[in-house]
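Participant: Protein chains in written order, with the working numbering: chain V, 271 to 507; chain W, 36 to 321.
Bear in mind the hints are in silico, worked out from the structure with no lab data behind them. Please note: incorrect hints may appear among the correct ones.
Claimed, not checked - For the chain W half of the interface with chain V, some residues (derived, Cβ under 10 Å), not all of them: (1) Ile77; (2) Ala145; (3) His178.
Unchecked claim - Coverage of chain V stretches by chain W, computed from C-beta distances (three or more under 8 Å per stretch; other residues unrestricted): (4) 304-311; (5) 347-357; (6) 366-379.
Unchecked claim - Computed list of chain W residues with no C-beta within reach of chain V, every gap over 12 Å: (7) Phe76; (8) Glu130; (9) Val174; (10) Tyr182; (11) Leu201; (12) Leu242; (13) Gln243; (14) Ala290; (15) Leu293; (16) Pro302.
Cβ atoms here follow ideal geometry from the backbone N, Cα and C, with glycine treated the same way.
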Amino acid sequence: MLEIADIVTSYGKIEALKGVSLSVAPGEITCLLGPNGAGKTTTMMTVAGLLKPRRGSITFEDRNITGRDPGHIVRSGIALVPENRLVFPDMSVHDNLRTGAYSRSDNEIEDDIDRMFERFPRLDERQLQHAGTLSGGEQQMLAVARALMARPKLLLMDEPSLGLAPMIVEEIFRIIRDLNAEGTSIFLVEQNVHQALKVAHHFYLLEQGRVTFGGSPGDLEEDEVIQRAYLGSAETT
Amino acid sequence: MGSGYALLAIGFTLIFGVLRRLNLSYGPSIMVGVFFGTFLFIQFQAGWYTVLVGTVLGAAIAGAYVERLCFWAIKKGAAVASMVSSFAVWMQLEEGVTIAFPDRTYEFPALGDFELIELAGLSVRQEHVIMLGIAAILVFALHQLLYRTRFGLAVRAVSEDPNAALFMGVNTGRVIFLAFILASAIGGIAGYFIMATEEVITPKFGLQATFKGLIAMMLGGMGSVPGAIAGGLLLGVVEKQAEWYAGAVWRDIAAFMLLFAFLIVRPGGLLAQHTAARDLAALRRV
Ligand SMILES: Nc1ncnc2c1ncn2[C@@H]1O[C@H](COP(=O)(O)OP(=O)(O)O)[C@@H](O)[C@H]1O
Ligand SMILES: [Mg+2]
């Protein structure tokens, strides 16, 4: 469904991605694991159109979306739950959800907002509250709900469990599994290797801007994945 | 007068709120619009509504020019460069108008011959009552636009977090451009009504408009629309009182004294909200 072929993305002179290739199959959960600074967020941002790759191509459902603007990519069916959530703190929960539907022009937006409140009852109780007053877990739910408002076929999630209490992390992963069961494909960046390997159909290891492993959970011992996801592997360090 | 300042401050607030940058050329853009209005009046004896439309159009076009040159062309993170270049464009606009209108002082058409009217025991100029009404209508319309439309949603999203707005697929560059034009157009309306009561116009009006709008915005609390209204009205009242009791030269002095007093006593402004601290921090970075 999503094919990333040999992309190079740089910040000025620093090459953060040095030829990354990977693919996300329809209906699956694909995880991208790797140590801090490996380029996971850069990969997400490049797919979402927020960074332009210097080289390589990105194809979504057989259409080339390389270098297209973010609005176009959202409309083609890819939505992002950004790192650190980035909800609009001084906007109400309700308005935050409306921003998620910004790229849509149909008249079912309010119905979808109601559906989000059914799915996330904790947001329902806080509809008119400013998003900045929510707890970390609630803000993460809001960030997910906001992305879903775009009716994505593929959901990009950048470290959704970051900084959350273990119970909330469980809930986030339950939501990820539910969404996937309903047919949404998911491309997930995670630091929580244990949880990620439990939900993933496929996973990739990214180290210093290069993919160093791609396969299914079970192809590698969890200990080795943890080792390489936190510290990087011996050859590359 | 106060409602004119309130409108000036709202335009300022819109730009500062969305961009977190100060546009010093805001007043001069309005001045360009006002001169265009005067030109229509002198050349074609245009009626009041043509002059008003001309003023607003002129201000909006000048505002669009300023945005492309000082804000769009200069990348984010370079707030100082934007402010300095908006100052340079200020000089440019002022010189341009001086060359096009070499007599410097021109007549601006009054709204009409109005008499003083009695209102709750006070005698007030009818123009001021009309201006207050127009300001109220505009504020209401702006509120509807910001809180009831898709464009308003985008403006609010960009002003809170331009990156997150981009993630939602908002074309932030276009939203900023349109907000800039909107702010200049509101400034144009303010400029028209201020001029229609003053009845003479010089290129120095740009300086006046920038300062009065800026002071009113700071009095009210940076980036807050209700604050801009309150600050504008307060500034108008204080200036009028100073003029009445101490003479015309005291008008501007009183305005600055008021600002200093506020900066010491209540630096967040009249309607200091929880975001005021963030706004001030943004201003310091500017
Ligand atoms: N805005 C930026 N400017 C310059 N370098 C950056 C920027 N963002 C990230 N980088 C660099 O790019 C590399 C990859 O970063 P990132 O994609 O955020 O990694 P990850 O999400 O895997 O932790 C890092 O070396 C980081 O220092
Ligand atoms: Mg990251």
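Participant: For every hint, state whether the structure bears it out.
Facilitator: Going down the list of hints, with the structure as the test:
1. Ile77: violated, 46 Å
2. Ala145: violated, 42 Å
3. His178: violated, 14 Å
4. 304-311: violated (count 0)
5. 347-357: Since three or more residues must qualify, the claim that chain W covers the segment 347-357 of chain V holds, with 4 doing so at under 8 Å.
6. 366-379: The restraint on the segment 366-379 of chain V holds, since 5 of its residues have a Cβ under 8 Å from chain W and three suffice.
7. Phe76: holds, 43 Å
8. Glu130: Since the minimum Cβ distance to chain V is about 38 Å, W:Glu130 lies beyond 12 Å and the statement holds.
9. Val174: Consistent with the label, W:Val174 stays out of reach of chain V, its closest Cβ about 20 Å off (over 12 Å).
10. Tyr182: Per Cβ check, W:Tyr182 is inside 12 Å of chain V; nearest 9 Å; violated.
11. Leu201: Label violated. Min Cβ-Cβ 5 Å, cutoff 12 Å.
12. Leu242: holds, 33 Å
13. Gln243: Non-interface label stands for W:Gln243: nearest chain V Cβ at 32 Å, farther than 12 Å.
14. Ala290: At roughly 30 Å from the nearest Cβ of chain V, W:Ala290 sits farther out than 12 Å, so the non-interface label holds.
15. Leu293: holds, 28 Å
16. Pro302: holds, 20 Å
Checked against the numbered hints given earlier, this structure breaks hints 1, 2, 3, 4, 10, 11; the rest are met.
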